[in-house]
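One line per chain: the protein sequences are W and E, in this order.
Okay, so the first sequence: first residue is 20 according to this note's numbering, each after it adds one.
Okay, so the second sequence: first residue is 178 according to this note's numbering, each after it adds one.
Read the hints as simulated data drawn from the structure, not as lab findings.
There could be a bad hint or two in this list.
Unchecked claim - Label-pair ranges, simulated between beta-carbon atoms:
#: 1; chain 1: E; residue 1: ALA232; chain 2: W; residue 2: THR333; range: 28 to 38 Å
#: 2; chain 1: E; residue 1: GLU229; chain 2: W; residue 2: ALA312; range: 38 to 48 Å
#: 3; chain 1: E; residue 1: GLU287; chain 2: W; residue 2: ALA31; range: 38 to 48 Å
#: 4; chain 1: W; residue 1: GLY57; chain 2: E; residue 2: GLU287; range: 21 to 31 Å
#: 5; chain 1: E; residue 1: ARG382; chain 2: W; residue 2: VAL298; range: 55 to 65 Å
No residue lacks a Cβ here, since even glycine has one placed at the ideal position from N, Cα and C.
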Amino acid sequence: MKRLVALAGLAALPVVVLGGFFVLPVAGMVARGFWPDGAFDPGAVAEVLGRPRVHRVLWFTVWTSTVATVAAVLLGVPAAYVLYRLKFVGRSVVRGLLLVPFVLPTVVVGVAFRQLLREGGPLGGLGLDGTPAGIVAALVFFNVAVVIRTVGAAWEGLDRRPGEAAAALGASPATVFRTVTLPALRPSIVGAASVVFLFCATAFGVVLTLGGSRYASVETEIYLLTTNLLDLPAAAALSVVQLVVVVGLLAISARARRTPDAAVARTTAPPLRVRRSDVPQVVLTAVLLAVVATPVAALVVGSLRDAGADGGWTLDHYRDLVATPDGPFSVSAADALLTSLRTAVDATWMSLLLGGLVAVTVTRRSRGRAERRLRGVLDGFFMLPLGVSAVTLGFGFLITLDRPPLDLRDSPLLVPVAQALVALPLVVRTLVPVLAGLDDRQRQAAASLGAGPLRAFATVDLPAVWRPLLAAAGFAFAVSLGEFGATSFLARDAEPTLPVVIYRLIGRPGLDDYGTALAASVVLAATTAVVMLAVERLRVPAVGAF
Amino acid sequence: MRHAWSGVRASAVVVALAAVASSCSALGGSSEEAGDDEVVLVVHNSFALPDELIADFEQDSGLTLTIRESGDAGELTNKLVLTKSDPIGDVAFGVDNAFASRALEEGVFETNEATWPAGVDAYALDGDLDDVLAPVDNGNVCVNVDTTYFEERGLQPPTSLADLADARFKNLFVTPSAATSSPGLAFLLATIAQYGDEWPAYWDRLMANGTRIASSWTDAYQVDFTQGGGSGDRPVVTSYDSSPAFTVPEGGTESTTAALLDTCFLQVEYAGVLTGAANPGGAREVIEWLLSAEVQAALPESMYVFPTRDGVELPAAWASYAVRPTDPKTVDPAEIAGRRDAWLQEWTEITTR
Chain W
20 MKRLVALAGL AALPVVVLGG FFVLPVAGMV ARGFWPDGAF DPGAVAEVLG
70 RPRVHRVLWF TVWTSTVATV AAVLLGVPAA YVLYRLKFVG RSVVRGLLLV
120 PFVLPTVVVG VAFRQLLREG GPLGGLGLDG TPAGIVAALV FFNVAVVIRT
170 VGAAWEGLDR RPGEAAAALG ASPATVFRTV TLPALRPSIV GAASVVFLFC
220 ATAFGVVLTL GGSRYASVET EIYLLTTNLL DLPAAAALSV VQLVVVVGLL
270 AISARARRTP DAAVARTTAP PLRVRRSDVP QVVLTAVLLA VVATPVAALV
320 VGSLRDAGAD GGWTLDHYRD LVATPDGPFS VSAADALLTS LRTAVDATWM
370 SLLLGGLVAV TVTRRSRGRA ERRLRGVLDG FFMLPLGVSA VTLGFGFLIT
420 LDRPPLDLRD SPLLVPVAQA LVALPLVVRT LVPVLAGLDD RQRQAAASLG
470 AGPLRAFATV DLPAVWRPLL AAAGFAFAVS LGEFGATSFL ARDAEPTLPV
520 VIYRLIGRPG LDDYGTALAA SVVLAATTAV VMLAVERLRV PAVGAF
Chain E
178 MRHAWSGVRA SAVVVALAAV ASSCSALGGS SEEAGDDEVV LVVHNSFALP
228 DELIADFEQD SGLTLTIRES GDAGELTNKL VLTKSDPIGD VAFGVDNAFA
278 SRALEEGVFE TNEATWPAGV DAYALDGDLD DVLAPVDNGN VCVNVDTTYF
328 EERGLQPPTS LADLADARFK NLFVTPSAAT SSPGLAFLLA TIAQYGDEWP
378 AYWDRLMANG TRIASSWTDA YQVDFTQGGG SGDRPVVTSY DSSPAFTVPE
428 GGTESTTAAL LDTCFLQVEY AGVLTGAANP GGAREVIEWL LSAEVQAALP
478 ESMYVFPTRD GVELPAAWAS YAVRPTDPKT VDPAEIAGRR DAWLQEWTEI
528 TTR
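Required output: the full structure, derived from the provided sequences and hints.
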């Protein structure tokens with residue numbers, strides 16, 4: 020009984036927040052679809068599911084997301100090895116830079132991708148413009164960092180000795196990887212893959228820009244149905260389908276993620292020097308870096324080019340970023356960057372607080388099947404925000420959070436909370452593999468030596484988890500800096516974040532605005548890189564402390 | 178010992194983070210300053226006006242103006258419809274003639290006593306008998322051509338919608354999607370105004386002639402258009418009648434692009450008082466401010482649109498290079514409201530075939 024009370028106490032805050040800021044708005048929006056004119060009419064929703072276009076959209080979403088996820092894992096795991104287990108100069112810089120694509124505004128990168136891929140563009144020969152392959156490539160570009168970071172954080176803390184023992188017994192490196200390393204990494208790989216799949220399945224800007232009107236995903240379709248056609252039954256149908264698919268996916272991944280045994284060492288194995296056998300991974304990582312760098316380089320070049328067909332080099336676009344008070348925008352990009360940073364700080368602590376509570380709750384040792392199942396359901400529950408359309412959520416905020424006690428739709432709280440919800444699954448997925456990998460006997464030992472629950476947490480859990488916690492903080496910060504979807508669908512006061520300003524700039528029919536939008540994107544990317552490098556710096560002394 | 182030490186370090190980091198969080202959090206500084214003298218203006222995401230004008234308004238009226246941005250014209254309209262029982266502001270700006278009928282039918286706006294200056298009336302919405310929606314700005318979506326492209330090749334550029342489907346101009350035209358872009362929809366409406374119920378046949382010919390559909394205006398103009406930022410490969414693009422004012426080379430006296438005046442569709446953006454507004458008086462003042470000479474004069478530079486008020490001086494580049502159509506195409510707003518969904522569905526079928 021006491022255990023259940025403790026569980027409820029830990030889970031209460033995250034559950035209430037998710038209930039108020041996610042379940043209620045989404046349910047409100049879906050209800051509008053099922054009760055179109057106040058009367059319950061599920062027929063309209065059912066009819067939508069029979070439309071051939073809906074089938075096409077569903078299938079497109081599923082297969083592109085699957086291919087992109089597989090590709091991201093295949094490319095990300097070797098890179099995680101190179102970046103987190105090997106020692107070389109500039110390692111932390113590369114790690115920081117790899118998160119840059121993750122925060123770049125998708126609308127801008129979409130345009131950058133098209134400039135590279137279009138007929139006559141630098142990569143026009145590949146014939147990817149307007150094809151699903153182009154969309155998949157962009158999805159991988161955005162999400163490979165999730166795999167690298169999540170898997171890398173787990174790999175870094177992996178006890179090296181079992182592998183060495185296997186090698187000493189004559190196992191080849193491949194066998195060691197297959198029988199020792201991979202099973203230990205499986206929870207983090209599956210966790211990262213499910214997050215990436217959800218990110219891909221709900222990708223919005225990329226599909227809209229690169230898909231044109233020919234290719235649509237469930238997410239872009241919900242957007243069109245809600246913002247353009249106001250066909251709420253159809254949007255509700257697709258939202259429900261999204262939910263069903265996500266829940267199914269989470270159930271499968273929870274099964275595959277189950278930790279085999281306590282594998283997390285409380286130390287970080289010192290990184291090794293690069294050996295000859297590492298060459299394939301290193302080469303693959305280098306290629307991956309080059310591919311990721313290409314669109315970023317295109318952005319930088321574009322931001323330095325004068326508008327017009329035969330423009331020379333210029334810094335004007337960067338000057339435009341700071342000078343505005345007398346221009347058409349009431350905020351300069353510098354102010355917007357400040358707003359972004361402040362919002363990101365809020366979103367980060369919120370997601371760390373909530374994510375930390377969730378991670379601790381779901382990884383406590385369960386007594387009995389029912390309790391274990393309950394913790395499993397909680398775990399999945401907090402992944403849901405990733406899988407549900409930002410449009411549905413944003414519109415839901417407007418129609419449900421409009422009266423006391425939740426009269427919050429104009430609250431400054433809303434944007435950071437929405438972003439924290441998006442970052443929450445990343446935080447949970449980064450922390451859970453580590454906490455779950457801790458041997459519960461350590462906590463029991465601490466308890467039998469007289470430590471209270473808090474003390475046991477501080478001496479057993481915290482030392483193992485604080486490094487992943489920093490990684491998660493960096494992630495949450497980056498998510499918030501780059502978040503556009505949920506933010507843009509909320510009604511905002513005049514203080515926009517930088518991605519919102521970029522979106523405004525890029526849509527304006529002036530040639531110079533485009534360059535300024537690119538320059539602002541470069542600034543956003545640079546800021547992210549700096550923040551990530553600072554986080555990496557925080558980690559370095561710990562690695563070298565023993 | 179080591180573990181204890183990293184525990185201490187971890188707590189130090191947490192404390193440091195908390196300190197950072199509390200010092201630069203966005204939550205602390207924002208106190209609600211709602212009251213009788215606050216008026217909330219809901220706008221689309223292209224809204225922009227110089228700070229001084231907003232400050233002047235607040236000073237002259239004694240009101241605090243809160244501007245809340247809410248997506249593009251379509252998203253804004255639909256949000257207003259969904260929240261009409263509990264409006265998200267007092268006054269809205271940015272609903273255009275492609276969406277206005279839906280908003281009127283749904284009773285999103287209520288009548289107001291705002292006085293309109295001369296010239297504004299010419300842009301009033303057809304079917305809006307009570308002048309509920311005040312026309313604030315207008316602009317035309319027109320097909321633009323890269324004149325240098327055709328000069329260099331000694332060719333005549335296209336001049337009409339029919340030309341775009343002509344084999345002489347095969348693979349030269351790019352237009353934003355009608356489903357995802359407001360100028361894209363305007364171009365579709367222009368073809369419907371021209372061809373009536375025969376428009377699907379025209380679009381069949383257009384697609385057979387190698388027309389490229391981009392996802393947005395930005396995509397079409399900045400990536401595919403030969404005079405855009407990305408030096409694309411298509412010299413004919415759907416854009417605005419003001420666009421040629423932005424393609425005058427430095428020191429040049431002639432724009433490198435031109436709008437085809439027989440292909441234009443008129444877009445008008447309206448402002449109106451929201452039904453159930455907390456501050457209807459303030460809302461009316463905002464509308465009159467939007468129609469004032471100062472705001473109207475700032476529209477071209479701030480939002481790339483033309484004023485509706487008579488006698489407003491245009492920026493020099495606009496006056497010289499932005500040639501306006503005398504008789505742009507229009508479609509009855511009520512018909513747009515009733516048939517847009519069906520049109521878009523059919524259009525999507527044709528263009529993704």
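Comparing the hints with the structure gives:
1. At roughly 32 Å, the beta carbons of E:ALA232 and W:THR333 sit within the given window of 28 to 38 Å.
2. Distance hint check: the CB atoms of E:GLU229 and W:ALA312 are about 43 Å apart, consistent with the given range 38 to 48 Å.
3. For the pair E:GLU287 and W:ALA31, the beta carbons lie near 44 Å from each other, so the given range of 38 to 48 Å is met.
4. Here the CB-CB span from W:GLY57 to E:GLU287 is close to 22 Å, well matched to the stated 21 to 31 Å.
5. As the Cβ distance of E:ARG382 to W:VAL298 is approximately 57 Å, the hint placing it in 55 to 65 Å holds.
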